[in-house]
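Chains as they are written, first to last, in the numbering used here: chain Y, 316 to 618; chain F, 16 to 374; chain C, 2 to 268.
Any given hint could be a false lead.
With beta-carbon atoms standing in for the labels, derived distance ranges [claimed, not checked]:
hint	chain 1	residue 1	chain 2	residue 2	range
1	F	Lys147	C	Thr94	22 to 28 Å
2	Y	Phe392	C	Val254	54 to 60 Å
3	C	Phe185	Y	Leu438	31 to 37 Å
4	F	Gly21	Y	Glu517	33 to 39 Å
Please keep in mind that the hints were generated in silico from the structure rather than gathered at the bench.
Predicted model, so just to flag it, every value in this text is computed and none were measured.
Cβ atoms here follow ideal geometry from the backbone N, Cα and C, with glycine treated the same way.
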Amino acid sequence: MNAAAALRARNERRTRFLLLTPAMVLLLFAASGPLVIVLIYSFLTPGSYGGVEWNFSVQAWFNVVAKIDFFTDELTFADAHLSVFWRSFKLSVFTAILTFVFGFPTAYFIATRPKRSRDMWMLLIMIPFWTNLLIRTFAIMELIRNEGTVNTILMGVGIIDQPIQMLFTEFAVLIGMTYVYLPLMILPIYASMERFDFNLVEAGYDLYATRFQVLRRVIFPLVKPGVVAGSILVFVPCLGAYVIPRVLGGGKQLMLGNLIELQFGQLRNWPLGAALSLTLLAVVMIALIFYVRAVGQEESPHG
Amino acid sequence: MIEINGVTKIFGGGSDAFTALDNLSVTIDSNEFFTLLGPSGCGKTTLLRVIAGFIDPTQGTVQLDGENLVEQPPYKRPVNTVFQSYALFPHLTVAQNIAFGLQMLGRPKSEISSTVDEMLTLVQMAPMADRKTSEISGGQQQRVALARALAPRPKVLLLDEPLSALDFKLRKEMQLELKRLQHETGITFIFVTHDQEEALTMSDRIAVMNAGTIRQIGGPRDIYDHPAERFVADFIGDTNFIEVELVNTSADTARIRLISGKEIDARANPDGPKAGSKVTLAVRPEHATLVDEGEALLPGTLSDVVYFGTDTHYHVALDGGGGDFVVRRQNQPDMAQSRQTGARVGVTFPANVGQVLRD
Amino acid sequence: MANAGFNVRKQTGFTTVAALCFALLYLPILLLVIFSFNAGESIAVWEGFSWRWYVSAWANEKVQDATILSLIIAASASLVATSAAVLAALATTRVKPWKGQTIAFALVNQPLMVPEIVTAVALLIFFAMIKVATGYTGIGYLIVAHSAFCIPFAYMPIRARLQGMDMNLEQAGADLYGTPVKVFCHITLPQLWPGILAGSMLAFVISLDDVVITEFVKSAGQDTLPTYMLGQLRRVISPEINAISTALLAVSVVMVTAFFFLNRTRK
């Protein structure tokens, strides 16, 4: 390479580096970097008033899934943790299913609107999504609490005498998460449906398929990557949910996020909190790898 | 005068390395309408971008009037480009687009406005001066792009397939227009195209490119009538290729023996193959005539007759496994088709019409 | 036409579910807004129209403080994140592909991938160390944290805009004697504006709405509107919360709608 070109290449590298510096410094300082400290903390022992003592220990990691009985030294599973894990997993899966049940027909509905109005329908889906999560959770709470809208109406009509206890149940958390994360399911399904060639549907009918057969054998297989992507997009934030179970679960229906918070609050076990955080992070990363695969599949041409 | 010396461009590295330009050298004269013609991927656009400064050559120099351009960034080269997509600035008006280069050069306001007016008139866009570029038609955008590149009076104008987005009629019109502008401004035009007809109608000289190298340089007539090699003959126009034997050669003609045993003179390169060797002869379909078997250089059977509107193609299966030979004849009104497929016919062509290729 | 023929796009029941879906998306929010204007103290029984909850919320000193803090943080974070995002977007779109591009891209998008609670915990630990070491407990931590997680939101529309821009335009600028700085000012920036505006608005809304990270990073007395509202949960809920929510909602809806239309003018 000649000298001028080499100089230009070097200048370009320098410019690129300078351009990236502010964002990288900020992110390393206040997003990625601190994760390393979390990793270190997970191998220390808890301090008496929060914080840590600087002694190496794998106790915290051990405690994520197991515990030693204080009196008998017997090794058992940490049932309390496992039940929280199970609830987190179960509610996240149910939320993904529920959002699919509502989201798939809705995405289909939007994708079959005239081209000009589709954007407006998507805007209607996205507006609630970009508004405050806490407020939307509040809105659900006001709807389902004992003196809330649903119970008031049901009692007013005379179907029930006593308010139904919906708030502070797993059901409430499920409803809340479905409500809040529904747009995350609709978005990727819509994205793959929008590119769907409806001539294929005509070809399906031409070849004697019924409406349901066309849906199951033609449409669904081709938009499946969008469904997979949507399911993971919903599953991931559900798993780490904190605000929704706190507000709608009322401290009884703990999920992983609340369990982590507890370790840094009342329970004062920072290393365990750190280990639980990293466990959550690991699960989320695995889910995201599947997501990237689904999206990659989506981008390869079909139809 | 532009001198391109040993320019090589290799994209990527290792096993993915792709040689876009292979030790290419060419000299383009001042005030010349020079065309780079070749199939897509032949390196013609890469060469144009090397001259413009958007691509650094891996090796070699580009000199403009003795000054090495490679050392300079694009914004210091007295060379302007008409982009294939026009690349008109969407946030500026027609006049502002044309003024852009002059403003960047820091020319005084009075000079800018007079040059812009002059350019608007030159490309017949004066009434549209204050339109946004998105509000004018494709042909008009083309004119604005041209005016914008001409406004700073570059020494060389680079045109990257500028007519490819226009429809057939407009393209014809713009071909003449470009030729006129080149005459009027006296600026060297380097024009890139894959359209042979465009190249033949407009250029002073054409460089036919393939796989990063220039295969032949010459005037349009020269290139068309006397292609140096099979690639050039094949790429430009339709050609019949027939195997012949070289009897003897002298300067730029050669005596050849056809498969039928008959001999005739043909054009050949002085540095071409030696006497006695088997070579390929290229004959344009319109240079040959369909005759009766008896008077033919190459006898055969009429296998197909295809009507094309302006002319008719007669496919002749040559005797002795000579392959398919096409004769093109211009149609006249109410001309009856005189021969039926399956008939015994023959092909003939005058002396010094065939070209011996250097394959 | 009376007979539209066989509609290949129809799927039985889908439109009904979609209608239900839209209704359910907006019904809770709508009720929340309606009852913010309730004259009574109930959030389920309508007792007439009144502005009283807005008046009482505005008179509440804590709400005032939280509003001011929220706005300061959101404005600062949006400014910082957008500036950093513009530069980063230029570095990831306007150059030849380079080694490490994927890592830079992953880093920029990291706040979108890592669960908020994990980042919150990490910042809690990290900032606690700095607080001990420096003694500084101001709102700087909140601004830095918000700036960081707002970067990908500002980055996305700006990058999309840059990618949608014709690369030839900048080359044409250079070809017409524009130096890199002039080309950026005269060609890139004028076309990038809608993207920058959209990105900064998105960053503002995201910062304004954040609960989890703020809750973990804030020092005593540093409540933003969302953390203040979360704190009020333990008490009896009055329509005052609805009034604050409605105000916040209005800001978000306006900004998101503006964002949508800014992004749409791209083509």
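Evaluation of the provided hints:
The hint said 22 to 28 Å for the Cβ distance between Lys147(F) and Thr94(C), and at roughly 25 Å that hint holds. Look at Phe392(Y) against Val254(C): about 47 Å separates their beta carbons, and that is not inside 54 to 60 Å. Between Phe185(C) and Leu438(Y), the C-beta spacing of about 32 Å keeps the proposed range 31 to 37 Å intact. Under the hint 33 to 39 Å, the C-beta atoms of Gly21(F) and Glu517(Y), about 59 Å apart, miss the expected range.
Of the numbered hints given earlier, the model fails hints 2, 4; all others are met.
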